[in-house]
Amino acid sequence: MTKSCAAFCVAIFGGAQIPASQAAGRVHTETLLETQSSWDGTPYEAYPAGTPQLSVLKIVIPPGTALKWHLHDVPNAAYVAKGSLTVERHQDGLHRSLKAGEVLPEMVKSMHRGIAGPQGATLIVFYAGKKNVPLSRP
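Numbering (my numbering), first residue to last: 3 to 140.
Read the hints as simulated data drawn from the structure, not as lab findings.
Ideal Cβ placement from N, Cα and C applies to all residues, glycine included.
It cannot be assumed that every hint is accurate.
What the hints assert, rightly or not - Listed next, the in silico PhoX-like pairs over lysine-lysine satisfying Cα-Cα at most 20 Å (straight line):
#1 LYS60 - LYS101
#2 LYS111 - LYS132
#3 LYS101 - LYS84
#4 LYS70 - LYS60
#5 LYS60 - LYS84
#6 LYS133 - LYS111
#7 LYS70 - LYS111
What the hints assert, rightly or not - With beta-carbon atoms standing in for the labels, derived distance ranges:
#8 SER138 - GLY103: 39 to 47 Å
#9 GLY27 - GLN93: 45 to 53 Å
#10 GLN93 - LEU35: 39 to 47 Å
#11 HIS92 - SER39: 17 to 25 Å
#12 GLN38 - MET113: 40 to 48 Å
#13 ALA26 - ASN134: 17 to 25 Å
#14 LEU35 - PRO136: 33 to 41 Å
#15 VAL58 - GLN38: 19 to 27 Å
#16 ILE126 - TYR49: 30 to 38 Å
#17 ASN134 - TRP71: 35 to 43 Å
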């Protein structure tokens, strides 16, 4: 291995040791979410016609912060990477709380908001959208 290649590997991997399970070539797959409905039980409808556009956002919400009420026109799912989050439906206050490692199939065309827990929340949100359609709106 050349010095530049070794330096690159240390820079990328930080000199960390690879766990034996990975070194042996074992791959582990876990389905985190598979659903046809949002967290409140509302079935998803057909995807919008047109050019598909996939988006993945990392959203960091400070501790105790409540997001503004909003809705999505396209299906999406949020993975809680850090902290905790409570999601609340506007029409009746129905809510669901999530912690790190959990996934939420988000509501479509229904007003809701997220409220970060005491440590805040970091979300990775995947949107299965359409070109020129906003990911969310007030």
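Hint-by-hint comparison with the structure:
| no. | hint | verdict |
| --- | --- | --- |
| 1 | LYS60 - LYS101 | 16 Å, holds |
| 2 | LYS111 - LYS132 | 15 Å, holds |
| 3 | LYS101 - LYS84 | 7 Å, holds |
| 4 | LYS70 - LYS60 | 17 Å, holds |
| 5 | LYS60 - LYS84 | 11 Å, holds |
| 6 | LYS133 - LYS111 | 18 Å, holds |
| 7 | LYS70 - LYS111 | 15 Å, holds |
| 8 | SER138 - GLY103: 39 to 47 Å | 24 Å, violated |
| 9 | GLY27 - GLN93: 45 to 53 Å | 50 Å, holds |
| 10 | GLN93 - LEU35: 39 to 47 Å | 24 Å, violated |
| 11 | HIS92 - SER39: 17 to 25 Å | 18 Å, holds |
| 12 | GLN38 - MET113: 40 to 48 Å | 21 Å, violated |
| 13 | ALA26 - ASN134: 17 to 25 Å | 46 Å, violated |
| 14 | LEU35 - PRO136: 33 to 41 Å | 23 Å, violated |
| 15 | VAL58 - GLN38: 19 to 27 Å | 21 Å, holds |
| 16 | ILE126 - TYR49: 30 to 38 Å | 21 Å, violated |
| 17 | ASN134 - TRP71: 35 to 43 Å | 23 Å, violated |
Figure legend: structure checked against the earlier numbered hints; hints not met, in rising order: 8, 10, 12, 13, 14, 16 and 17.
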